[in-house]
Amino acid sequence: MSFHRSIRSRRNRRKLPGSFELQLTSMMDVLVIIVVFLLKSYSTSTSSFAAAPGLQLPISGSLDSPTESLQVIVTPESMTFENERILDFVMTSGSIGGPETAVYKFKATDLDEGGRRIVPLYDALMKARDKAELLRAKSKTRDPEGKPLPFEGILAIQADKQIQYETIRKIMYTAATAGYKVFRFLAMKRDG
Amino acid sequence: MLKRPSSRRKTSKEPIALNLVPFIDAMVTLIGFMLFTTSFLAIVSIESPFPHASTALTEEKLKQKPLQLTVSLHENDSEIWSPFERITSKKIPHTPEGQPDTKAIHEALLSVKQQFPDETKIVIVPTANTTYDVMISLMDNMRMVTPTDPPIFKRNAATGNDELVKALFPEVIFGNLLGDS
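Chains A and B, in that order, are what the protein sequence lines are.
First residue of the first sequence? That's 6 in this note's numbering, and the numbers climb one at a time after it.
First residue of the second sequence? That's 737 in this note's numbering, and the numbers climb one at a time after it.
It should be emphasised that the hints constitute simulated quantities derived from the structure, not laboratory data.
A hint or two may mislead.
[To be verified] SDA-like cross-link-like pairs, simulated, lysine to any residue; straight-line CA separation at most 20 Å: (1) A:K45 with B:L771; (2) A:K186 with B:S784; (3) B:K902 with A:G66; (4) A:K45 with B:F769; (5) A:K112 with B:S784; (6) A:K175 with B:I909; (7) A:K175 with B:G911; (8) A:K186 with B:T824; (9) A:K112 with B:K902.
[Unchecked claim] Counterexamples of contact, computed for chain A against chain B with all Cβ distances above 10 Å: (10) P63; (11) S65; (12) G151.
Every residue gets a Cβ at the ideal spot worked out from N, C-alpha and C, and that includes glycine.
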């Protein structure tokens, strides 16, 4: 029975015409709309900053988009400078309850100048500064006096919303001793 | 021999179909690239310079007694004050959650701005345990004027016209970067 049905269904199957063409015009319309939307949002997001995974950024009503600069990312567990993990915090003895309630602090060996300066961050910042100054010295772009353009010294700070000012202050102090004089605090843009 | 007029008109014209497949290929590639590179999370920034002092300038400024508007956070309250006593010091208690009352601070700063419309700088002195979230919220309330705020005008020296103030105190400086407080 099934054999007969199969033959019948094969016979009844509608044959496609030889010159069958898929209607692509509507698909083109959709794709053009998507491309226009993406181009519109692409042009407004020229900065290379993106929220680091696992980081809860605070929300800000500021309208200033951050321009290109060096960036330090501070999570409750570690610190990253230009995508390179430079130090890990240590869990304090009072936070055995679990990772949710854990409190982290600097290792004593990571600090100097009476606990104000973060040594690994200072080293990384100085290295980045030397590199930037070398590039500026080699660049043909000069100031009106013919000297290489001065080092801008801008540092973007992206920190988890629970990070305390004590840590931020140490970062700012360290950056200032390395010649970075302007700080940009990054946050998520408030909707609306 | 000439053809008959009826046969001359019978030139077979097949409809021309535009080949859209290469266009679609290009579009799909472009969309893939853009989706991969575009970040839909909008990041904004708040800029703050490291405080520095020039001796000559400082001496000159000290003679004029600058406003040097300062917001100091304490354990239980926030204080808005001027080291040169240009304004009456005001203490604003924290919210029941123990956080600085950013709305009340904003309202107090609005009244200071009405007195000193040309002032753009403000010094913030947070405590060591102030979180980054609170810092950003405070800086927002210190820097920006919201649409619900009463309008503040300042005289433009060049034109002599009153102009609407669009920012409260946009230059935020941290006052205790070198200290231990």
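Hint check:
no. : hint               : result
1   : A:K45 with B:L771  : 12 Å, holds
2   : A:K186 with B:S784 : 9 Å, holds
3   : B:K902 with A:G66  : 14 Å, holds
4   : A:K45 with B:F769  : 14 Å, holds
5   : A:K112 with B:S784 : 28 Å, violated
6   : A:K175 with B:I909 : 15 Å, holds
7   : A:K175 with B:G911 : 13 Å, holds
8   : A:K186 with B:T824 : 32 Å, violated
9   : A:K112 with B:K902 : 44 Å, violated
10  : P63                : 4 Å, violated
11  : S65                : 5 Å, violated
12  : G151               : 26 Å, holds
Consistency note: the structure conflicts with the earlier hints numbered 5, 8, 9, 10, 11.
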